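Given the coordinates of chain A, assemble chain B onto it according to the supplied hints.
Going down the list, the sequences are from chains A and B.
Counting in the working numbering, the first sequence runs from 1 upward without gaps.
Counting in the working numbering, the second sequence runs from 1 upward without gaps.
These are calculated hints, taken from the structure and not from any lab test.
Nothing false has been slipped in among the hints.
Derived DSS-like pairs (lysine-lysine); straight-line CA-CA distance at most 27 angstroms:
#, chain 1, residue 1, chain 2, residue 2
1, B, K64, A, K26
2, A, K98, B, K55
3, A, K26, A, K70
Note that this is a predicted model, so its numbers are computed, not measured.
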Amino acid sequence: SQQGEEDPQALSIQEGENATMNCSYKTSINNLQWYRQNSGRGLVHLILIRSNEREKHSGRLRVTLDTSKKSSSLLITASRAADTASYFCAGGSGGYNKLIFGAGTRLAVHP
Amino acid sequence: GAVVSQHPSRVICKSGTSVKIECRSLDFQATTMFWYRQFPKQSLMLMATSNEGSKATYEQGVEKDKFLINHASLTLSTLTVTSAHPEDSSFYICSQGSPQVNNEQFFGPGTRLTVL
Chain A
1 SQQGEEDPQA LSIQEGENAT MNCSYKTSIN NLQWYRQNSG RGLVHLILIR
51 SNEREKHSGR LRVTLDTSKK SSSLLITASR AADTASYFCA GGSGGYNKLI
101 FGAGTRLAVH P
Chain B
1 GAVVSQHPSR VICKSGTSVK IECRSLDFQA TTMFWYRQFP KQSLMLMATS
51 NEGSKATYEQ GVEKDKFLIN HASLTLSTLT VTSAHPEDSS FYICSQGSPQ
101 VNNEQFFGPG TRLTVL
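Isolated chain A (complex conformation):
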């Protein structure tokens, strides 16, 4: 399969807690991106980390990348009910940044 793997497949937490999602990929990449998708809707780009970067922050998001292990993690701190969604990682490669998506994590944040 072209897809990478993500774990956990589903995560259920209380508001205020942190949520950590992990992603592994199979091929060489130029960058690793994280996207969010609400049920039945389009994708929202969250953050991009380049292959020569190890960690990146954006607001409540923290992303790490370990190219030796071909893995990445997304941490959402102080989660909110509005963070409830599916989260996907995607490895970008090639001249036009073709993306191969991971399987995704369904996050449920309970008030």
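Below, chain B alone, put in the same frame as chain A:
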């Protein structure tokens, strides 16, 4: 960022008919676009890379004669699902490729196809 539109947003058709989905880049010339398919509760699977003025490049396992892609202009790529069957029911999403390697990709809002 770039704006990508898709039309229609939702389509229901009878088995055996063909359905055309349009993907437009509204404010950027896109020599390359990507088409993805997403089944319920699953991830996005890349179907093909659409190249302006040349043939599309299909991923392994995707039938090029069933999923016809035309990229006749720098702002429009179309995906035609030919002789659609219920198993083709899915969420189809396009995105605009960026020639700059580490730029984010811009996605259309998706088209939900239901084949009866």
